[in-house]
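Trainee: Protein chains in written order, with our numbering: chain A, 21 to 173; chain B, 2 to 243.
These stretches of chain B come out as covered by chain A in the derived footprint (C-beta under 8 Å, 3 or more residues):
#, segment
1, 43 to 56
2, 73 to 84
3, 96 to 103
4, 125 to 138
Heads up, incomplete: computed chain B residues facing chain A, CB under 8 Å, no partners named:
#, residue
5, V28
6, L62
7, F106
A short list of chain A residues far from chain B (calculated; beta carbon distances all over 10 Å):
#, residue
8, V72
9, V98
10, L114
Honestly, the hints are just simulated from the structure, not real lab data.
Using N, Cα and C, we set each Cβ at its ideal position, and we do this for glycine too.
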Amino acid sequence: MQETLRQLGELLLGSIPTVIFMVLLYAIYTVLVHKPLGKVLAERRSKTEGAVEKARADIAAAEARTAEYEQRLREARVAVFKSLETRQKQAAQLRADAVAEARRQADAEIEQARAGIEKDKQAAQAALQGESAQLAAEIIRTVLRPGTVGGAR
Amino acid sequence: MEQLAFTEFLNHHFGELALRLLTLVGVHPKHPTTPISNSVAMELLVFLLLTLFFIAVRLRLSVDRPGALQHVMEGIEGFVADLGKEIIGHNYQPYVGYLVTLGVFILSCNLIGLIPGLESPTAVPIVPLGCALVTWFYYHIQGLRANGLGYFKHFAGPVWWLAPLMVPIEIFSHLARVLSLTIRLFANMFAGEMVTMVFFSLIPLGVPIIFQGLHIGVAFIQTYIFVLLACVYLGEATAHDH
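Using the sequences and the hints, build the whole thing.
Mentor: What follows is the structure, encoded as structure tokens:
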């Protein structure tokens, strides 16, 4: 037991230089490398991530503008379609009015023509009646003229 | 004790100073003429090389033009951070620095033995013990910081009337973690070196390279396991009971 403890004591004593070297090396590493390297990596990360964030922000802004343009385009199309529809309605109305006017004029002309025809017809009938009386008298005169078949010999 | 060239250099130039410091704190080395052992010398070499590496990384840090060293460091930190995130959870960030230090130190200690003329300090028990002790104290301290005195409830088990049984079991379990971390790393590194040496003494050409390759694989795996277990212990210690 004594021998074991003595050997253990020797081992622990012998390990003291290692402990000192390790502690000193840890301090040197932390001051010389770990902290400065941490700062370098943080700066690099911020530059990289900053650039990535800026790119993302630019993409988001571009997407927002695209969405705005598309919205305006949609509104413009709707306005154009509405204007077109209105004009089409107006044109259709004008055409309908023109057709109605033309029809009315045509009907008026037809009526006028009809009236003219009727008048002519009546004039013709009156003329015919006068001529027929004359013709009848002429026929009678001819028929009743002596020397003709139906006249006295 | 057979000294490595670097150890001999250190003992020659700093042996006296080291002896005075050790005597000052009441430690009497077994070999007063060579107070710095091979393992301590190799640890010091790893420490100096890693410090130079960290300085080189620091001088070349750049946000938009990272060099090779920065890429390596970012890769190591990223790997350990992912491991910590997976095991510890969402509050893993404060522990990444320690876990990277632990991983890099152990891996460097494991691999330095592949260089001719140098040895792996982790093939000696005191170095893995030092790493295990630091990890043990670290996760307990972090557990106390995260949970306050409520951290000690973890030792009492799920129900209060089991506490008298659970507390000693938990204490032994936590102490056993130091033992298991130490022995796992030490045994693998020691065995790898022994196998390479045995085959080198039998067939000096070709065959030892296979075992050197195996030793490299074991070095990485053992480092990974040590860091993984440190993450598991940290995750358990810093968990909040909901």
